Amino acid sequence: MRRSIQWSLQLWHAALLVAIVVAFVVVGHTSVRRMRMQQIDAELAQSAQTLAAGIQPPPPGARRSQEGERRREPPGFDDRDFSMSDFDLPDLDALDSPDSTDRGERRPFDRDGGGTGRRTRRAPFTPDVHLPAEWAASGGDAGGHHYYRVWHFENVIAESRYAPETPHPGVRRWSMQAQPEPPKIRQRGDLREAIAYGDFDTCVVVGRSLAPERAQWWRLGLIQIGTGAAVLLVGLAGGWVISRRSVRPIRAMTRVAENISASNLSQRIDVAMTQAELRSLAVVLNGAFDRLSEALRRQVRFTADASHELRTPLSVIHTQTQLALSRERSAEEYRRTIEACQRSSTRMKGLVESLLLLARSDAGRLTLELTRFDLRVAVDEAIGMVSHLATERNVTIVNDVAPMETLADAGRIHQLLTNLLTNAVRYNHSGGRVRVFADVAADDMTLCVEDTGAGIPAEHIGHLFEPFYRVDDDRNRDAGGTGLGLAICKRIVDAHGGTITCESRVGAGSTFIVRLPRDVGAGMISRA
Amino acid sequence: MRVLVIEDEPDLLQAVMGSLREAGMAVDGAADGKSGLSKARITEYDAVVLDLMLPELNGMDVLRQLRRHRDTPVLILTARDGLDDRIAGLDGGADDYLTKPFELPELIARLRALARRAAGRPSPVIHIGDIHLNTVRRTVDLRGQDIPLTPTEYSLLELLATNADGLVSRTQIYEHLFDETDDRLSNVVDVHIANLRRKLGRDVIKTRRGEGYMIHA
Chain A
1 MRRSIQWSLQ
11 LWHAALLVAI
21 VVAFVVVGHT
31 SVRRMRMQQI
41 DAELAQSAQT
51 LAAGIQPPPP
61 GARRSQEGER
71 RREPPGFDDR
81 DFSMSDFDLP
91 DLDALDSPDS
101 TDRGERRPFD
111 RDGGGTGRRT
121 RRAPFTPDVH
131 LPAEWAASGG
141 DAGGHHYYRV
151 WHFENVIAES
161 RYAPETPHPG
171 VRRWSMQAQP
181 EPPKIRQRGD
191 LREAIAYGDF
201 DTCVVVGRSL
211 APERAQWWRL
221 GLIQIGTGAA
231 VLLVGLAGGW
241 VISRRSVRPI
251 RAMTRVAENI
261 SASNLSQRID
271 VAMTQAELRS
281 LAVVLNGAFD
291 RLSEALRRQV
301 RFTADASHEL
311 RTPLSVIHTQ
321 TQLALSRERS
331 AEEYRRTIEA
341 CQRSSTRMKG
351 LVESLLLLAR
361 SDAGRLTLEL
371 TRFDLRVAVD
381 EAIGMVSHLA
391 TERNVTIVND
401 VAPMETLADA
411 GRIHQLLTNL
421 LTNAVRYNHS
431 GGRVRVFADV
441 AADDMTLCVE
451 DTGAGIPAEH
461 IGHLFEPFYR
471 VDDDRNRDAG
481 GTGLGLAICK
491 RIVDAHGGTI
501 TCESRVGAGS
511 TFIVRLPRDV
521 GAGMISRA
Chain B
529 MRVLVIEDEP
539 DLLQAVMGSL
549 REAGMAVDGA
559 ADGKSGLSKA
569 RITEYDAVVL
579 DLMLPELNGM
589 DVLRQLRRHR
599 DTPVLILTAR
609 DGLDDRIAGL
619 DGGADDYLTK
629 PFELPELIAR
639 LRALARRAAG
649 RPSPVIHIGD
659 IHLNTVRRTV
669 DLRGQDIPLT
679 PTEYSLLELL
689 ATNADGLVSR
699 TQIYEHLFDE
709 TDDRLSNVVD
719 VHIANLRRKL
729 GRDVIKTRRG
739 EGYMIHA
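Protein chains in written order, with our numbering: chain A, 1 to 528; chain B, 529 to 745.
The hints are simulated quantities; they were obtained by calculation from the structure and are not laboratory data. Given the structure is predicted, the values throughout are model-derived calculations rather than measurements. For each residue, glycine too, the CB sits at the ideal point set by N, CA and C. Honestly, I wouldn't trust all of these hints.
Label pairs and their calculated CB-CB ranges [what the hints assert, rightly or not]: (1) A:Val283 <-> B:Ile615: 31 to 37 Å; (2) A:Thr254 <-> B:Ile615: 31 to 37 Å; (3) A:Ala257 <-> B:Arg649: 39 to 45 Å; (4) B:Gln593 <-> A:Ala257: 46 to 52 Å; (5) A:Arg297 <-> B:Ile615: 16 to 22 Å; (6) A:Ser430 <-> B:Gln593: 54 to 60 Å; (7) A:Arg329 <-> B:Thr735: 37 to 43 Å; (8) A:Lys349 <-> B:Leu670: 35 to 41 Å; (9) B:Gln593 <-> A:Arg291: 36 to 42 Å; (10) B:Gln593 <-> A:Asp374: 51 to 57 Å; (11) B:Glu739 <-> A:Glu459: 56 to 62 Å; (12) A:Arg329 <-> B:Arg649: 32 to 38 Å; (13) B:Thr699 <-> A:Arg297: 50 to 56 Å.
Whenever a hint applies, use it, and build me the whole structure from the sequences.
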């Protein structure tokens with residue numbers, strides 16, 4: 001099957017739609033994730049800063065007693081509840097890494113030892129971790145995925161999980177100026193952590209598991225994919241309908257074009273029905289159909305006319321011979337029959353030759369044999385051919401052509417002149433006059449045949465050179481002719497690269513003007 | 529039976545007229561539409577053969593104008609064989625349509641058929657008592673016996689038989705039996721009537737003195 005417009009439209013539409021939907025899903029999903037991550041990071045950073053800002057030295061009285069304690073539990077911290085493994089918290093070894101290079105000794109230490117400077121510096125006291133009031137209130141509620149841990153050198157001095165519902169510790173309450181450095185954010189497995197440094201070489205890590213977000217994003221992704229698929233399906237269906245609608249006028253035009261045949265050339269595409277883009281195509285097609293119809297009509301008429309012209313002499317021969325052979329005839333009767341047959345066959349011969357010339361000319365195979373001859377002599381010869389008719393009609397023919405050498409097909413020019421002169425004599429009144437004259441210009445010459453006949457009404461002049469065209473519908477047998485004379489004249493002049501026109505005034509006479517290029521050879525080559 | 533042929537091709541006109549004459553018809557010819565129409569209007573023809581493309585007056589115009597005055601059967605004989613032309617011709621008032629080239633026997637048969645139909649007598653055989661006329665073979669037999677008749681005698685008998693029980697005037701006889709070129713003496717009809725009576729019996733043809741002749745069926 002050849003590619004149909006509808007299918008290629010549909011394919012392009014589908015490809016575009018898929019690209020748009022995928023882009024929407026990907027961009028949407030990514031931006032949602034990024035926004036959420038930024039939100040999480042901001043929360044964590046704020047929490048870390050808050051926590052770091054809340055680190056203070058213990059009250060002087062408690063300082064001694066607290067010395068040596070490995071850790072101070074923040075209020076509400078329940079050790080038993082807290083297990084890092086709950087959210088698969090990996091080793092905090094990696095806490096080293098962000099700081100080892102740029103922060104020197106102010107680094108968080110490994111929980112289980114192995115840290116380089118663990119024993120080198122001994123803390124004189126353990127700082128107090130002041131939790132914000134809201135944290136303190138719900139610090140024990142360890143249902144969330146959030147956690148914090150505070151180191152003082154290698155010791156964890158506070159750690160807990162806290163619920164995400166817990167209001168954020170107060171930027172409002174603790175000054176951020178204590179922590180000029182923004183907390184560092186790092187990703188550790190599925191955990192997101194913010195690291196901040198407090199006074200007294202403390203390090204605060206606030207983190208949370210991204211597991212709930214991941215689950216949420218996964219759900220979001222599924223919903224997005226599902227919605228995208230639905231949008232895609234609706235879009236494809238809509239595209240199919242639209243492409244179908246858009247090719248409908250094409251289908252309609254095709255149907256009309258299919259229905260148009262030689263026997264039914266009257267049908268036309270309804271231009272009003274089609275859209276602007278197709279309207280011009282419809283107009284062009286209708287124009288082509290019009291020309292085709294006109295050509296066919298002419299062809300049919302030409303064939304009918306030609307067969308009609310052939311039928312008349314043929315029926316003479318047929319009837320004459322039938323009558324002659326129906327019984328014994330006298331020699332005189334046979335002679336008359338044969339003479340009638342000869343007249344008819346001569347007429348048929350002339351007609352067939354004319355038709356052949358027309359056919360050859362229409363096929364572009366009217367070849368010219370160019371010779372040099374004197375135009376005045378050629379006119380004289382043609383006048384000689386019609387002198388009998390002219391005498392019969394009492395018409396005078398005057399040759400006003402000056403002797404001039406001409407390059408053309410002498411035989412065809414003779415035929416042209418004879419046809420024009422025959423018409424000029426035939427359609428002249430008794431005592432009328434025919435004048436032939438020529439005019440030579442630089443690159444062409446004009447030959448005119450002027451008569452004093454009845455003239456031709458203007459509406460007929462355009463059709464004069466059509467085969468079998470007759471000015472009067474009634475055939476004037478008295479005038480004779482086959483109706484091909486002027487059509488042949490036109491073909492001959494065309495073959496020479498010239499033009500033939502007619503100027504006429506009703507009642508005053510007609511002039512047939514033949515313009516031939518001086519350089520006939522060149523004109524002919526350009527035609528070939 | 530008298531026929532008018534309107535045809536502008538002289539060789540064809542001559543051949544058609546010749547063959548119709550040989551078929552026993554009285555034939556007139558016209559070479560153009562105008563003279564054809566005037567002849568058809570003046571004379572009561574049994575049939576008219578009409579070409580369509582005629583000088584002076586188009587065949588269809590001849591037909592149209594003729595139909596205003598006469599019901600003469602018209603056969604169009606033309607080279608125009610298109611369906612539209614045939615329909616236009618028949619709808620224009622023609623009774624038959626034949627295209628060129630044509631067969632002469634067909635033309636003759638069609639003209640006879642047209643004349644029979646116009647007379648309201650579609651059968652080609654006419655029965656007058658014991659006399660049978662075969663209008664196709666132009667023969668007459670009396671009680672099974674062939675009666676040899678001259679063409680004129682047969683035509684006269686056919687004319688009277690066609691108008692059986694009706695009076696046929698001498699003018700009518702002249703109109704239907706002789707063409708325009710005939711200039712025979714007026715008593716030639718009496719001679720033919722006498723001959724027919726001699727061959728078929730005295731009582732077959734009745735004479736209405738000063739009016740004409742008639743045959744009783």
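Enumerate the violated hints, using their earlier numbering and listing them in ascending order. Of the numbered hints given earlier, those the structure breaks are 3, 6, 8, listed in rising order.
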